[in-house]
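Chains as they are written, first to last, in my numbering: chain A, 1 to 228; chain B, 1 to 300.
Just to be clear, a hint being listed does not mean it is correct.
Said to hold, decoys possible - Derived lysine to any residue pairs resembling SDA-like cross-links, with alpha carbons at most 25 Å apart: (1) A:LYS70 x B:TRP218; (2) A:LYS68 x B:ARG8; (3) A:LYS155 x B:ARG8; (4) A:LYS6 x A:LEU31.
Derived from the structure by calculation, the hints contain no laboratory data. Computed from a prediction, not measured in an experiment: that's the story for all the values here.
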Amino acid sequence: MISMQKVSKVYPNGVVAMDDLDLEIRDGEFLYVVGPSGAGKSTFMKMIYREEKPTGGQLLIDGLDVGKIKDRHVPKLRRQLGVIFQDFKLLPSLTVYENVAFALEVVGADTSSIRKQVMDVLNLVGLKNKARNYPDELSGGEQQRVSIARAIVNKPKLIIADEPTGNLDPETAWGIMEVFEEIHRRGATIVMATHNRDIVDKIRHRVIAIENGKVVRDEEKGAYGYDV
Amino acid sequence: MMFKTSLRHLREGFKGTLRNGWMSFAAISAVTITLLLVGVFALVMFNINEISDNVENDVEIQVFITRTADESSVEKLGQNIEQVPGVSTVTFSSKEDELAKFQDQLGDDAAAYGTVEKDNPLHARYIVKAQDPLELEEVAQSVSSLENVDDVKYGKDYIDKMFAFFNGIRIGGLALIVGLTLMAMFLISNTIKMTIFSRRREIEIMRLVGAKNSFIRWPFFIEGLVLGMLGALVPILVIYFGYDVAYSALQPSLDQLNSDIFKLIDPSTLTVQVSLVLLALGAFIGIWGSTTSLGRFLKI
Ligand SMILES: Nc1ncnc2c1ncn2[C@@H]1O[C@H](COP(=O)(O)OP(=O)(O)O)[C@@H](O)[C@H]1O
Ligand SMILES: [Mg+2]
Numbered sequence: 001m002i003s004m005q006k007v008s009k010v011y012p013n014g015v016v017a018m019d020d021l022d023l024e025i026r027d028g029e030f031l032y033v034v035g036p037s038g039a040g041k042s043t044f045m046k047m048i049y050r051e052e053k054p055t056g057g058q059l060l061i062d063g064l065d066v067g068k069i070k071d072r073h074v075p076k077l078r079r080q081l082g083v084i085f086q087d088f089k090l091l092p093s094l095t096v097y098e099n100v101a102f103a104l105e106v107v108g109a110d111t112s113s114i115r116k117q118v119m120d121v122l123n124l125v126g127l128k129n130k131a132r133n134y135p136d137e138l139s140g141g142e143q144q145r146v147s148i149a150r151a152i153v154n155k156p157k158l159i160i161a162d163e164p165t166g167n168l169d170p171e172t173a174w175g176i177m178e179v180f181e182e183i184h185r186r187g188a189t190i191v192m193a194t195h196n197r198d199i200v201d202k203i204r205h206r207v208i209a210i211e212n213g214k215v216v217r218d219e220e221k222g223a224y225g226y227d228v
Numbered sequence: 001m002m003f004k005t006s007l008r009h010l011r012e013g014f015k016g017t018l019r020n021g022w023m024s025f026a027a028i029s030a031v032t033i034t035l036l037l038v039g040v041f042a043l044v045m046f047n048i049n050e051i052s053d054n055v056e057n058d059v060e061i062q063v064f065i066t067r068t069a070d071e072s073s074v075e076k077l078g079q080n081i082e083q084v085p086g087v088s089t090v091t092f093s094s095k096e097d098e099l100a101k102f103q104d105q106l107g108d109d110a111a112a113y114g115t116v117e118k119d120n121p122l123h124a125r126y127i128v129k130a131q132d133p134l135e136l137e138e139v140a141q142s143v144s145s146l147e148n149v150d151d152v153k154y155g156k157d158y159i160d161k162m163f164a165f166f167n168g169i170r171i172g173g174l175a176l177i178v179g180l181t182l183m184a185m186f187l188i189s190n191t192i193k194m195t196i197f198s199r200r201r202e203i204e205i206m207r208l209v210g211a212k213n214s215f216i217r218w219p220f221f222i223e224g225l226v227l228g229m230l231g232a233l234v235p236i237l238v239i240y241f242g243y244d245v246a247y248s249a250l251q252p253s254l255d256q257l258n259s260d261i262f263k264l265i266d267p268s269t270l271t272v273q274v275s276l277v278l279l280a281l282g283a284f285i286g287i288w289g290s291t292t293s294l295g296r297f298l299k300i
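Extracted from the complex, chain A is given alone in its bound form (with noise of 0.2 Å):
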C-alpha cells in the first residue's frame, strides 16, 4: 500500500523533520507511530496525505509517487484516504449529520446516496441518535467519533490517524481505538500515530519508533516501549 524510499524531509527553515526513512506498509495494516515529540510523526503523515511534499526519496501509494503528482490532483488522492486529528476538526455551525454530509458534498457525491451513506456511518461510530446535535453539544469522545465518520463516511482504503487520543481521557480513547478495531476489521490500513502506552501495549498492532526523522524499531505486535 505504502513504500517510502529513502524519504526525507527539509522544512524551508533547515529542520530536518525526515531523515533517509526507508518503510513498507502493507495493505490492511494496522500502524501505530510512536515516538517524542518533534520526533517526525505528524511530518510523516503529512506527506502521504499530500500536506507537505517530500524534498528527497519516493513514496510510493499503491504505486503512484505521492511527491511529485500535481496540485491539482491532490484531491484526487485525499478522497482515497481519511484524515483525522487530535483536535477533531468539526464545523461549529453544522451538526453531526451536516458534518459528515459536508465531506461528501464537497466531493460532489450523488445526493441520493449521501444520506443512506451518513447515516450508515453514524451507525458505526454509535451515533445515530445523535445526528440532528451540534459538536458543543457532545462530549469529546462524541466529537471525535463524528470526525472519524466523516473520515471513513466515502470508504477510503487507508485512515491516516494523528494522535486521535490525545484530547481524550483514558476511558474515552478505549472506546474510539473500539471504532478503529472495527474500521480495521472490515479491511481499512490504519496509519495511527499515538502517545497512549495503554493502547499500544494492550491492542497489539506493528510499532514504528521514529526518532529525529528516523525509524529506530519496527516491531509486529510491538509495544510502546518509552519508559515515562
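Let chain A serve as the given structure and place chain B with the ligands on it in line with the hints.
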C-alpha cells in the same frame, strides 16, 4: 448534480456577503460611489462628444462681401471660393436673408428696428464649410485674399477654448474614476479576504476531504461578483431615471438657443447602454477584487 453544486456555490457566495455585513456594505458603497461617478461622467462625456461633433460639423467661415461689389463679381467670388482647396460647401446669403435672420433672433423686439429695412446695414456673405474642420484656418486665409472679400470670420478661439475645456473634464474625470475603481477593488478584495479568513476552517476541511480547488474558489468568486453587481444597482437606477429627468429639465432651455449645436442625446438608448456598461464594470470590479484575494490567500 451540477445544478445542485451551482446552487451551493451561489448560496455560499451570498452567505459570505451577509457574514461580513459591514465590510460588504463598505465594499458595495465604494462600488456604488465609483459607478455613480462613472455613470454621470459617461453621460456628460457622451454629450460633450456629441456637442463637439456638432461644433466640428458646424464650424463655418463667414465671408463678408464688399458692399460695393456688383452682382456679377459676387457670383465670380462664389466661384473662386469653390476653387479654394479644402472647401466643401459654399452658400450665399443676401443682405435681405441676413436681415430676416437677425429679426428672427430678436423676435418681438424686431418691430423696434423697423427702419433698418430701408437702409440695410448688413453685409451679404458667403458661408463656407471646410472639408476638414482642422483646416479651417488655412481655408479662411486663402479665401480672405480673394477679390471683393471685406472680412473673414470664424470662431477659432472660441472653439479651441471649448475643446480645451472638454479635454480638461475628460482627463480629470478619468483620473478620478481610475482612483475610485482601484479603491473599490481594494475594498472588495479585503472583504473577500475576511470571508476567506472566517471560513478558513471550512476550507481546511474541504481540502482534507478532497474538494477540488475550483469548488473551494467558486463561492468567493460569486461573492465578489455579488458585491460588484449590488454596487451597480443604485448607480443604474440613478442613471436610468436621473438622465431622463435631467434631459427633460435641460433640453427645453437649450432649445431656446435655437442652435443645432446644443442638443443633448436622447435618453432612450443612451441610458440602457450606460447601465449595461455600469453592470459590466461592477461585475468586473467584483471579480477582479475577489480573484486577487483568492490568489494571495487561497494558495492550495
Ligand atoms: N511547517 C514546518 N516548518 C518548519 N518546521 C516544522 C514544520 N512542521 C514541523 N516542523 C519541525 O519538524 C520537526 C518534526 O515535527 P513534527 O513532524 O510535527 O513532529 P511530531 O509530530 O513527532 O511531534 C520539529 O522539529 C518541528 O519543529
Ligand atoms: Mg505531531
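So, going through the hints one by one against the coordinates:
no., hint, in the structure
1, A:LYS70 x B:TRP218, "holds (21 Å)"
2, A:LYS68 x B:ARG8, "violated (32 Å)"
3, A:LYS155 x B:ARG8, "holds (24 Å)"
4, A:LYS6 x A:LEU31, "holds (19 Å)"
Consistency note: the structure conflicts with earlier hint 2 alone.
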